[in-house]
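As given, the protein sequences belong to chains A and B, one line each in that order. Just so you know, UniProt numbering puts 181 at position 181 of the first sequence, and the rest follows in order with no gaps. Just so you know, UniProt numbering puts 19 at position 19 of the second sequence, and the rest follows in order with no gaps.
Keep in mind that the hints were calculated from the coordinates and are not lab data. Model, not experiment: these values are computed from the prediction. Be careful, since some hints might not be right.
[Said to hold, decoys possible] Incomplete in silico selection of chain B near chain A, CB under 10 angstroms:
1) D286
2) I288
3) N289
4) N292
5) L378
6) N395
7) V424
8) A431
Built from N, CA and C at the ideal position, the CB exists for glycine as well.
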Amino acid sequence: MLLEDPMRGVAPMLTALQKLQYSSEQLTTLHPDFLLLCLLAKCYKTGLSILEDDIFEVDQPRDFFLYCYYGGMICIGQKKFSKALELLHSVVTAPMSVLNAIAIEAYKKYILVSLIHLGQFSSSFPKYTSSVAQRNLKNFSQPYLELVNSYCTGKISELEAFVQANNEKFESDKNLGLVKQVVSSMYKRNIQRLTQTYLTLSLEDIANTVQLNSAKEAEMHVLQMIQDGEIYATINQKDGMVRFLEDPEQYKTCEMIELIDSSIQRIMMLSRKLTDMDEQLSCDPLYLGKAGRDRQRFDFDDFDTVPSKFTV
Amino acid sequence: MEAEDDATGQMIEDEEIYVNGGEDGDESKRHRPIISSEQLDIEAYAALYSGRTKISRLMFIAEKCGNASMQLDALRMAYDEIKKGENTQLFREVVVKIDGRLGPNYGPDGAWADAVDRRAEFRKEKLENELNAYRTNLIKESIRMGYNDFGDFYFAHGQLGDAFKNFVRTRDYCTTSKHIVHMCMNAILVSIEMGQFTHVTSYVSKAEQSQDALDPITIEKLRCAAGLALLEGKKYKLAARKFLETGPELGNNYTEVIAPQDVATYGGLCALASFDRAELKSKVIDSINFRNFLELVPEIRELINDFYTSHYASCLEYLGNLKANLLLDIHLHDHVETLYEQIRNKALIQYTHPFVSVDLHMMANAFNTSIASLEKELEALITNNQIQARIDSHNKILYARHADQRNATFQRVLQTGSEFDREVRAMLLRANLIKHEFNLKASRKH
Numbered sequence: 001m002l003l004e005d006p007m008r009g010v011a012p013m014l015t016a017l018q019k020l021q022y023s024s025e026q027l028t029t030l031h032p033d034f035l036l037l038c039l040l041a042k043c044y045k046t047g048l049s050i051l052e053d054d055i056f057e058v059d060q061p062r063d064f065f066l067y068c069y070y071g072g073m074i075c076i077g078q079k080k081f082s083k084a085l086e087l088l089h090s091v092v093t094a095p096m097s098v099l100n101a102i103a104i105e106a107y108k109k110y111i112l113v114s115l116i117h118l119g120q121f122s123s124s125f126p127k128y129t130s131s132v133a134q135r136n137l138k139n140f141s142q143p144y145l146e147l148v149n150s151y152c153t154g155k156i157s158e159l160e161a162f163v164q165a166n167n168e169k170f171e172s173d174k175n176l177g178l179v180k181q182v183v184s185s186m187y188k189r190n191i192q193r194l195t196q197t198y199l200t201l202s203l204e205d206i207a208n209t210v211q212l213n214s215a216k217e218a219e220m221h222v223l224q225m226i227q228d229g230e231i232y233a234t235i236n237q238k239d240g241m242v243r244f245l246e247d248p249e250q251y252k253t254c255e256m257i258e259l260i261d262s263s264i265q266r267i268m269m270l271s272r273k274l275t276d277m278d279e280q281l282s283c284d285p286l287y288l289g290k291a292g293r294d295r296q297r298f299d300f301d302d303f304d305t306v307p308s309k310f311t312v
Numbered sequence: 001m002e003a004e005d006d007a008t009g010q011m012i013e014d015e016e017i018y019v020n021g022g023e024d025g026d027e028s029k030r031h032r033p034i035i036s037s038e039q040l041d042i043e044a045y046a047a048l049y050s051g052r053t054k055i056s057r058l059m060f061i062a063e064k065c066g067n068a069s070m071q072l073d074a075l076r077m078a079y080d081e082i083k084k085g086e087n088t089q090l091f092r093e094v095v096v097k098i099d100g101r102l103g104p105n106y107g108p109d110g111a112w113a114d115a116v117d118r119r120a121e122f123r124k125e126k127l128e129n130e131l132n133a134y135r136t137n138l139i140k141e142s143i144r145m146g147y148n149d150f151g152d153f154y155f156a157h158g159q160l161g162d163a164f165k166n167f168v169r170t171r172d173y174c175t176t177s178k179h180i181v182h183m184c185m186n187a188i189l190v191s192i193e194m195g196q197f198t199h200v201t202s203y204v205s206k207a208e209q210s211q212d213a214l215d216p217i218t219i220e221k222l223r224c225a226a227g228l229a230l231l232e233g234k235k236y237k238l239a240a241r242k243f244l245e246t247g248p249e250l251g252n253n254y255t256e257v258i259a260p261q262d263v264a265t266y267g268g269l270c271a272l273a274s275f276d277r278a279e280l281k282s283k284v285i286d287s288i289n290f291r292n293f294l295e296l297v298p299e300i301r302e303l304i305n306d307f308y309t310s311h312y313a314s315c316l317e318y319l320g321n322l323k324a325n326l327l328l329d330i331h332l333h334d335h336v337e338t339l340y341e342q343i344r345n346k347a348l349i350q351y352t353h354p355f356v357s358v359d360l361h362m363m364a365n366a367f368n369t370s371i372a373s374l375e376k377e378l379e380a381l382i383t384n385n386q387i388q389a390r391i392d393s394h395n396k397i398l399y400a401r402h403a404d405q406r407n408a409t410f411q412r413v414l415q416t417g418s419e420f421d422r423e424v425r426a427m428l429l430r431a432n433l434i435k436h437e438f439n440l441k442a443s444r445k446h
């Protein structure tokens with residue numbers, strides 16, 4: 001890294017990483033550094049391969065934050081928005097006693113990715129977010145929350161005006177590229193909404209409803225979306241009509257069965273892990289001490305398996 | 001046919017909503033006459049009410065209607081009515097509004113106002129002395145009567161807040177449930193005039209608790225009051241139910257608050273806007289009780305029947321005709337828009353419900369609008385998921401769309417699976433983090 005040549009460091013780091021982990025589920029201190037290297041070297045694919053493994057054991061919270069943050073950025077680069085959303089979500093909701101800058105940056109990106117991928121953003125935090133985060137994160141990301149508001153109105157011109165106005169703020173956070181993607185995702189969102197209400201629609205009408213400049217542009221957008229697999233439609237160029245089709249997925253193919261099967265396997269493994277952890281915790285002396293203390297008030301008829309006064 | 005119409009109009013003299021305009025119906029419609037949206041006959045309307053509500057309604061009409069002659073009419077009648085009472089505050093207001101337009105007879109009558117004020121002072125002193133006397137004697141019944149008199153006095157003079165306070169004070173001196181009911185009725189009356197409908201609801205429930213002292217007329221009055229309160233609170237379904245339960249014994253007994261025509265109108269419109277077909281049929285169309293009320297406003301009856309038999313164009317036309325007059329009603333005016341929108345949406349939904357495909361041309365004809373605006377309305381309803389259909393904009397046809405249950409189930413299953421996956425992983429991670437933090441703290445302790 002210090003040699004200003006990140007590309008050379010990627011491969012050795014990768015092997016070092018693999019040797020250092022004693023299981024693929026552990027996060028080492030090397031992980032975030034490795035991801036940073038990948039980011040700087042712009043070889044996102046290698047970074048992505050590491051991100052594929054789930055991690056369950058964390059030694060240092062700081063490593064975790066950095067790992068998730070860089071991981072999120074790599075996923076954004078590879079346009080894997082759902083994984084990015086997951087990682088950034090972990091940062092935002094991780095238990096922390098003091099607010100740290102990584103969480104703030106992650107929250108800003110989280111808002112933007114959520115807009116691109118899901119088309120909406122709920123500013124209420126889930127219950128398990130730490131109170132520190134809940135109280136403070138919003139203060140630091142005011143312009144982003146306003147961006148959410150103007151996105152929700154559905155008017156492109158407003159959104160663009162807002163982006164123009166706050167250009168430098170977004171620029172200084174290095175989020176301008178993401179913001180531009182948010183704007184373009186707005187068109188997609190509007191077109192997708194049209195598929196719900198119309199069976200066929202002329203390109204002119206699409207252009208008008210979505211506030212594009214011409215039917216040609218509308219055609220280009222629709223074409224792009226069909227190729228990306230975001231909508232199912234056919235364009236009839238003679239009439240200038242677009243016919244929206246239903247999702248042709250019939251859930252009858254072998255691949256689908258394999259997919260479902262593998263999901264089931266994964267989930268079974270996860271629930272096994274969960275029960276393991278639960279058992280571990282129940283044997284933990286600290287937990288027993290606390291639980292024992294709380295049960296004093298029950299009446300004596302309860303057959304208490306835990307002695308009421310249990311000191312560590 | 002005109003003469004007949006006028007004759008029937010005369011017989012049912014307390015129609016509030018319309019004057020039988022002498023137009024013939026179009027030949028395309030049935031032999032039922034189309035009643036035009038002529039102006040409210042203010043005299044007939046005002047004859048339905050008594051007391052303070054008459055004055056408030058007349059002044060509201062004067063404020064809201066754009067027609068100068070109607071305005072002056074209303075103000076004139078308000079002036080006459082006020083002179084019969086003792087409310088100098090309202091008198092002054094009315095005089096200002098009239099502004100000398102009605103000639104010298106309707107000018108500021110300072111002498112009358114002063115005389116009334118002096119009388120009021122005198123009476124107030126007398127009442128106070130009496131009340132003090134009763135209080136020293138500690139005779140509950142007299143104290144209660146004293147407060148009641150005070151309440152009535154303040155009400156007549158337009159000081160509604162004081163009136164309310166005094167009526168409420170009688171509560172401590174009520175010995176029988178009849179007294180309680182009396183107090184509740186007074187409190188309800190004042191609250192309605194003040195526009196504080198939360199009090200209305202609470203006093204209605206209080207009065208209904210003492211079942212034994214309630215005679216049928218009072219029960220009906222309470223139902224109407226409750227219905228009004230619900231209407232103001234925008235709970236249209238509940239309001240409709242209350243109004244529909246009101247029995248014909250109400251008659252003309254509650255004219256200081258509401259007229260039976262109002263019960264019919266409010267009940268009918270709210271029911272149309274919020275009931276589904278089954279309820280509409282059983283509670284409104286087939287109800288013998290409510291039929292008596294509907295006879296008083298045949299337009300509402302026709303409206304509801306048209307809606308039920310899917311003659312939407314004439315139904316909406318009736319609604320349009322009624323709108324101008326309904327906007328002049330003090331209780332209904334800010335709900336007219338919402339109710340109309342709801343009724344229109346229900347009509348659209350009901351129209352498309354039985355069909356697999358609907359030609360938008362025919363639908364536009366049935367609803368008497370243009371295709372473009374119809375398309376916009378349908379789009380809004382589809383987006384709100386009230387109609388399950390898609391529009392073929394090229395051929396202008398609406399196709400009903402039935403969700404494919406099997407595919408939907410698969411999709412949901414996969415989605416739930418991945419959500420569970422994500423959540424559990426995140427949870428395990430977080431638990432791990434906490435454990436490490438905890439371990440850190442614990443290790444520091446040792």
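Do the hints match the structure? See the list:
no.	hint	in the structure
1	D286	violated, 37 angstroms
2	I288	violated, 44 angstroms
3	N289	violated, 43 angstroms
4	N292	violated, 45 angstroms
5	L378	holds, 8 angstroms
6	N395	holds, 8 angstroms
7	V424	holds, 5 angstroms
8	A431	holds, 6 angstroms
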